[in-house]
Every structure is written in structure tokens, then in C-alpha cells.
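> Following the hints, position chains Z, B and F against chain P.
Chains P, Z, B and F, in that order, give the protein sequences.
Here the first sequence is numbered in our numbering, starting from 456 and rising by one per residue.
Here the second sequence is numbered in our numbering, starting from 456 and rising by one per residue.
Here the third sequence is numbered in our numbering, starting from 456 and rising by one per residue.
Here the fourth sequence is numbered in our numbering, starting from 456 and rising by one per residue.
Some clues are possibly wrong.
Chain copies aren't distinguished; within one or between two, either way the pair holds.
What the hints assert, rightly or not - Derived DSSO-like pairs: lysine-lysine, alpha-carbon spacing no greater than 30 Å straight-line:
| id | residue 1 | residue 2 |
| --- | --- | --- |
| 1 | LYS583 | LYS571 |
| 2 | LYS583 | LYS465 |
| 3 | LYS583 | LYS466 |
| 4 | LYS612 | LYS497 |
| 5 | LYS458 | LYS688 |
| 6 | LYS466 | LYS532 |
| 7 | LYS495 | LYS612 |
| 8 | LYS458 | LYS495 |
| 9 | LYS612 | LYS500 |
| 10 | LYS500 | LYS571 |
| 11 | LYS688 | LYS465 |
Calculated from the structure, these hints are not laboratory results.
In this text the structure is predicted, and so the values were computed from the model without any measurement.
4 protein chains.
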Amino acid sequence: MEKILIKQFKKPKLNTPMLIGGLPGIGNVGKIAAEYIVDKLKMQKLMEIFSEYFPPQVFVSEEGVTYLVRNSVYYKKLPGKSDLMVLVGDFQGTTQEGQYELSYNTLEILTKFNLKTIYTLGGYSTGKIVEAPRVLGAVTDRSMIKDLSSMGVVFPKGEPGGGIIGSAGVMLGIGKELFSIDGACLMGETSGFFADPKSAMNVLKILSMIMQVDVDLADIEARSQQMEQITGKAAEEFQQRTQQRDDLGYFG
Amino acid sequence: MEKILIKQFKKPKLNTPMLIGGLPGIGNVGKIAAEYIVDKLKMQKLMEIFSEYFPPQVFVSEEGVTYLVRNSVYYKKLPGKSDLMVLVGDFQGTTQEGQYELSYNTLEILTKFNLKTIYTLGGYSTGKIVEAPRVLGAVTDRSMIKDLSSMGVVFPKGEPGGGIIGSAGVMLGIGKELFSIDGACLMGETSGFFADPKSAMNVLKILSMIMQVDVDLADIEARSQQMEQITGKAAEEFQQRTQQRDDLGYFG
Amino acid sequence: MEKILIKQFKKPKLNTPMLIGGLPGIGNVGKIAAEYIVDKLKMQKLMEIFSEYFPPQVFVSEEGVTYLVRNSVYYKKLPGKSDLMVLVGDFQGTTQEGQYELSYNTLEILTKFNLKTIYTLGGYSTGKIVEAPRVLGAVTDRSMIKDLSSMGVVFPKGEPGGGIIGSAGVMLGIGKELFSIDGACLMGETSGFFADPKSAMNVLKILSMIMQVDVDLADIEARSQQMEQITGKAAEEFQQRTQQRDDLGYFG
Amino acid sequence: MEKILIKQFKKPKLNTPMLIGGLPGIGNVGKIAAEYIVDKLKMQKLMEIFSEYFPPQVFVSEEGVTYLVRNSVYYKKLPGKSDLMVLVGDFQGTTQEGQYELSYNTLEILTKFNLKTIYTLGGYSTGKIVEAPRVLGAVTDRSMIKDLSSMGVVFPKGEPGGGIIGSAGVMLGIGKELFSIDGACLMGETSGFFADPKSAMNVLKILSMIMQVDVDLADIEARSQQMEQITGKAAEEFQQRTQQRDDLGYFG
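Pulled out of the complex, with its shape left as it was, chain P reads as follows (with noise of 0.2 Å):
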């Protein structure tokens, strides 16, 4: 078996396309903007990837019908403006290899729709929660700076400082060394705790604009918005705890 396995549906013809790259990470925040963006613009299915650097499991749905796990990558032509590929996926490579691997071989095909720029999507861990999350911003070339700091994007002296690990790293590194291609990683600011679709949300304001479409945000907005009922009882309580522990002077 070829390690990694690609079934392509489709061949369009695409326009200075745009790589959007969301996999599970931090507080999953890529991966739901990813998602949303799928489905909000209703986007098809260009190929589908399986691998060995995947967990060897299936989901079962509900129903009782199961699924490989796999990594996909659509698209959506955008008369006028540079298309669009959005990957998202189960899973990471789970080994340093498959990290490699799967980003190169991904890649690799996607050069062949002509693909122009990479933006990858990721949490930054704050470990705390944060009232208004930024989102953070590094990029392969410093003239893609201005741009994305007019849109919000921040780009704090020093932050991130262990530097990007995993596919949202490697994807622009590779893009960047071996393709010649740039890119940005966004990262939105999370506690890191939970599934975090407020960051989701703000990193997809960016993206709003960096893809000059109008994303609906009103379901992220909603499901941001119970989140944080829930989570805010949550953060108040641990912040209670903390505080009375902090009094009577413990250390661990």
C-alpha cells in the first residue's frame, strides 16, 4: 500500500487558487473554521486522503455506519476572484514522517491547480481564558505583513515563541522551501482546554476578508455564544478555587 492514498473526484480549472488549511489542533480551532467555511460556502469535493499516518480506525456514525478515517480537500470557483481549496480532515499525521509526508504529497498535487498561496489555521495556546482573542499572525515572506496586520492580524514581538509545530508549521514551511510557494498561518488565541469556536470565529472574520467573500457567521456566533455560557461557570468556579488556593498559600 502507498503510504499515502488519494482519490481525486474532480479536475477544474482553477483561478490563483487559495489553500485554506484547518486540521485538528489547539482548541480545534482550525479545524472548525475550516469546516465552517465548507460548509457555509457549500463547497465540492476535490479528493479525499488516506494514510498510514493516520490512526488505524473508523468512525461509526450514529446510525451504526462506519468511516475511514481521512483527510479531504475542497474547492469552490470564485468568479473574479482567486478560488478556493480548503482542507480539513480526522487527523494530523500522528509521526514527525507522516507530517512531512502528508503535507508534501498534498502539496504536491495541489500545485497542479496552480495554487498560489497557502493559508494555514491554527490555535495559540494562551492556557487561560481570554476575553477577546486575538489572532496572531506569521508569514513566509514579510511583505504579506502590512496586509494582514490592516486586517486585524497581530503580530506580537516574540509570540509564538517554540515557533509553529505540526501540519499548520509545516504546510507553509514546505510550501515555502520546496514549492516556492507563500503563505500565513493564522492563529487564534484559546484557552486550549476546550473546542474553541469564538477563535474559530475570529480567525474566520479574517479569512472573510483575506478570501473577499461573506462567510455567514450567525451559527459560529450562536454555538461561541453557549460555549461560552458554559465554560465562563466553568472558568468562574476554577477561578474561585484558584483564588481561595492562592490564600491559604498552596504551592501544588
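Chains Z, B and F only, in chain P's frame:
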């Protein structure tokens, strides 16, 4: 060395054969059931599978003879019905890559015998001893649910929650996606604490209907009762201890 | 780089040679015995095996000279008897794949010298110090049991219970299944707490009969006695301490 | 994707070049020293090495620009002397296979430039702060000991006891065994607790003699002194605490 090495012993012409896969796993339910069929139906060995994806190990018989660990496929022609192939073995692949490769390679060869359907067997761990263990199902195509339900297989909503991991899952997934072969997983409910012949017997009853073959269940019923006596006592003691512990208000 | 790189130094014509394999393992029994034969029989180097399956490491001599870790095969022609090849080395393959590949590749080359039989050496861990350590056997074909028994090798029912893991097992298994070469494993009983020359000496006595060659055992007997003095004292103290602890009714 | 991807920028003709290898490791001694040479000698980039054996990671500059992790080789022609190549980088290979493959591939390419000698740099961990750290040596051929000793490199009997693990060791081993290139490892003594410019400076002094090039050590001397002030205080406190603890007769 090839990562998977197959010794094929026969080249039978088979009629729309089904494959039953029962490798070691939770409660060894699948392995016990599959080996029981091979034994009771006096099946013939079709091939042996050696692999780097298995532990580097030989077993030693009571007499002192070594045996390199392997998987094996047996077959039996069943005139007027679908012929039968059964996969049994000492281990599942020990790595993620191994799981995919072994399933893929096995199916690739078996498709040459016109493989029509795949039934994988496994255990569904409840974490406690169940009086009347059910057989849960998951299918690659919803059209299979009705028949299996009529045989007593249950498809409870949201079970198994985490999907199916390992050979029982990935063989179905690969069969469906890469070989266009449908199949089902039959999961015998089991505590998961020990090898569980009772759960295997329940799975065998369903398989008997699927294969349209009467399998003499007397032996496994005897083993099942023996096991129940042993574990029944153990469970009783365990519950008493747990009870006492709870009475004492212990946490850890 | 090839995953296994072999430097072959000689192309001798060998007469029905046997291979003795003694790599590091439990009590280093196999390694000590095999290296002793290479030394005492003044064997010649046939080949060296370098591999990614070994740690990325050089040893440094007392003088300060580096030595890339490796396995080596030595040979000796024994006119009128079966010629001799001995595999020794610094490491076994450190991964499951490495174990299979190294055994397979080594055997693949040695079969070109008409390899007839394989004897792998190992330690059989008892977890306590044994007064008169036995040599246990396991064979690929039951026809070999009689001869080995007559030399003093024992085949106790149900030992070794877990089979034989690692090079000593997988070389026999691969030899048998993939090269149709029979063989036996000789396991010297050992506490497993330290390198055990006494156990190795017992194995050497058996090997001497198998090879039909007198090996001067004076040196290893001396080492064995030295070691026994050291470990005898240690064992005595250990037993006294254990005794006291038991008297005190400790559990942990 | 190739497991190792090399971008070569130049094709210089080099005169009996030596390679100095300084990748991250104990106390980062080798990395600090090698990067210092690249900087002070204003060396030119020969090639970049990307690999699946490195973490799937990009670094992000203070400005916000991503950088895919890599190793790099720089060179400088030194008329009338042996030309110079220096290997620096962000990571060593993270797996055993990666260590071998990266060393092998790097050497395979550099031999095309007539590579004559290899000097790998590393730290030798003492586990405590040393007043006057030595530079230990290990060589692939004993004939090299005399010259290095005369430069101040020491070859203490039995050090390093465990051999040399990782890139600094395996490059020498592969160089010697598979490319017939001799070399030496220079190990700067270091506590191993932090990046150690003082140890690196000592290694640089030796390298300066080997290369027959004056390297301006003013900057690293300054860093070394800064670091010593910081760590000197830390060490003092640590020793006082340890002292107190010993006075109290603590064990754990």
C-alpha cells in the same frame, strides 16, 4: 526482506467468498470465535503471513519446538452457499503502519479469490461483567443493517463511541474505500478483563446465521460455563470488596 | 544509505557450515559464549554488518580510538567436520523491524555459503541465582531433540513459557520458514542480574559437542569462579536482607 | 518526498577541505562553536538540508517570519591551507535511522568536494560546574592523537566511558567505515546544565590551531564571562543548598 511475506499453499476457486477476520483483541472475542470456526469446520490452510509488523518472537511448544509468529488464512468451500475464508493469527500489526499494511496486503490477495464481503470480529469492552452480552454491529453500508438486525445484532445509537480501532476497523475501512468491498464488524460485549468465550459464543451464533452453516457450539458453551464459574466468583469477591470500600468512603 | 550495510572480507568455500549466533541479551550468555569461541578457535573475520537498526554510536577505546557499533561474522574451516561461522556483535536490532531485517539479511548472505544449521545462544532468566544452571533447548524440528538431549540439553515442558523474543528466536524462525534451514536455540539458565560467564560456560560445553571441537574452557572457568565469588557474596547479603525483611512481615 | 532534501547553492572547487560539524547537543557546545566560526569567518552557504528526520516545525522570527527547521553547510576557501566546510543546524536527526541517514547523506555529498578530514564537536557532560573545562578527544585513527595532544586536547583513559552517541559519533564512524575518511571528535567539558559558551570557546581555541586560522574570540569570551556571572551565582546557591541538605543528613 519484504515487510510482509506471504506463503500461499493453495489456489482454490471460490464462489463469492466471505472473509471472517478474528485477530487478538479485547477479550480475545474475535480470535476465539474465528479459531473455533476453523477448527469445527475443519478448514484448510490457504496462506500464512509473516511480517516485520509482528513481534520478533517464536513461540515454543510444550515439546520444545519453535513457531515463528504469524497470521493465517483458512478456507472452505460451501457448495450452494458463499464459500468461506477465515483470518486468524497470533498478533495484530503492532504499529499504525503495520495495521494498514497488513490489512491492505491481506485484502489485496484475497480479492483475487473474488472476495465479496468482510466480517470482522472483535470485543466491545464494557469494563464490567455483563449478564447477557449483546453483539453490536457496524457496517460499511447502511443497507446491511436490516439483515443483521434481524439476526439479533444491535446497533445502539452512539456505540461504539470512539469508533473501531485496529484490524477489525481498518480492514472494513480499507475494504470499502480501496477495494469497494462491503462488510460489517461484529462486536461481542465483554468485560475485557479476560479471554471471553461466552461473548465469542454469542458472536458465533450470529456468524452461523450469516454463513448459513450450523456450527456445533457444545465445546465453546462448556468453556463459557467453566469461565463463568471462575469469573463469577472473582466478580462476586470484587463487588464485595468494592462495596466495603465504598462503605468506608475511600476515594483512591 | 542502505538500512543494513555489509562489508564482506573473504569468500571461503565452506563445507556444510553451521552458524552460531551470540548477540547481547539476558546475562549476555550468548555473547560471552560466542566471543569465546571466536577467540579460542582463532576464527577469521568473514564480514561486518553496520546498520541503522543499531544505536547511532561509536565506542571509544581506552586509547581514544572510535569504533562504529556493528555485528560481525567469523568463520573457521574444520576439515572433516562441518565448518563454523559465528555471529557476534555489539547490539541486537533495536526495533522490531530491525530484528527481522538483520536476521533475514544475515541469513540471506550466509546461505550463499551453504549454511546448513543454525544454533542461537541466549540466556534464560530465572530471576534468582541458580546453583547448577541448566541449558534449555528449543528446536525448529522435533527430530533434533534426541541428539541435543543426549548432550545434556533439557527441554522442560512449558519452558520458556513466553517463547523466545529477539535475535535468538527470530533467526530460527526466519531460518526455518523463509530459508528452510533447521536450527536450535541453546539457553543458559542465568539469574539475569549480571553478565554470567558460568552460564556461558555451560552453553560452551554443549557447543563443544555440537561442533565436535574441544574448546579450552580454562579461561572462562576462571572468570566464572571470580564472578561467583563476587556474586556469591552479593547473593548472600541479598538473601540475608530479604530474610530479615520477610521476618518483619514487610510486603513492599 | 525524499526523506532528506538538499538544496545546493554553490559548486566551489575546494582544496583538501576539512568538515567541522557542530549540531545541537550537550551544553550546545558544538553548535555554539561551529556557528561562531561561520559568523566570524563570514563563510558562504553551500547547501541546506531539510528532512523528515527533523521535527515538523517552523521557527518564527521576532518580526513574524517563518523558517522551516534545517541543517546547513557553509564553506570558505583558505588559500594555502585546507579549505573549510562547517555543518550547523537546528536539530540532530530525532531517530536512530535519522542519525545514520543524515550523517551518511551529508558525507556522501561532501565527499564530492574531496572531503579529507572530519572534526565533530560536542559537549562532554560532567554533571557539575568545572573551573577549567578540558577539551577531550577521540579519533578514528590513533595516528591523529599525537598532533591533537600537542594542541592541548586530552585523551583520558576510559573517557568518555559510554562512547559517543549521536551525530558527533556517527559521522566519524560512518566517515571511517563507509567513506574511508578519518576524523576526530572534540568534546568540550561542560556541566551540561545550560548552553555553555566557555566550553565552546575552549573548543574554538583548538579548532583555531587545526584550521591554522586566527578566530577572534573576543565576543565569545564576553558571552562566556556573562554566563559565568549568572551561573556562578546559581552554582553558589545550589552548593549552599546542597551543603545544608547534606548537613541535615537528607537522602532524597
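> Give a verdict on every hint.
Consistency of the hints with the structure:
no. : hint             : result
1   : LYS583 to LYS571 : neither (36 Å within a copy, 53 Å between copies)
2   : LYS583 to LYS465 : neither (43 Å within a copy, 49 Å between copies)
3   : LYS583 to LYS466 : neither (45 Å within a copy, 52 Å between copies)
4   : LYS612 to LYS497 : between (38 Å within a copy, 28 Å between copies)
5   : LYS458 to LYS688 : neither (45 Å within a copy, 48 Å between copies)
6   : LYS466 to LYS532 : within (12 Å within a copy, 45 Å between copies)
7   : LYS495 to LYS612 : between (34 Å within a copy, 28 Å between copies)
8   : LYS458 to LYS495 : neither (32 Å within a copy, 38 Å between copies)
9   : LYS612 to LYS500 : between (39 Å within a copy, 28 Å between copies)
10  : LYS500 to LYS571 : both (19 Å within a copy, 28 Å between copies)
11  : LYS688 to LYS465 : neither (47 Å within a copy, 61 Å between copies)
In summary, the structure is inconsistent with hints 1, 2, 3, 5, 8, 11 from the numbered list given earlier, while agreeing with the others.
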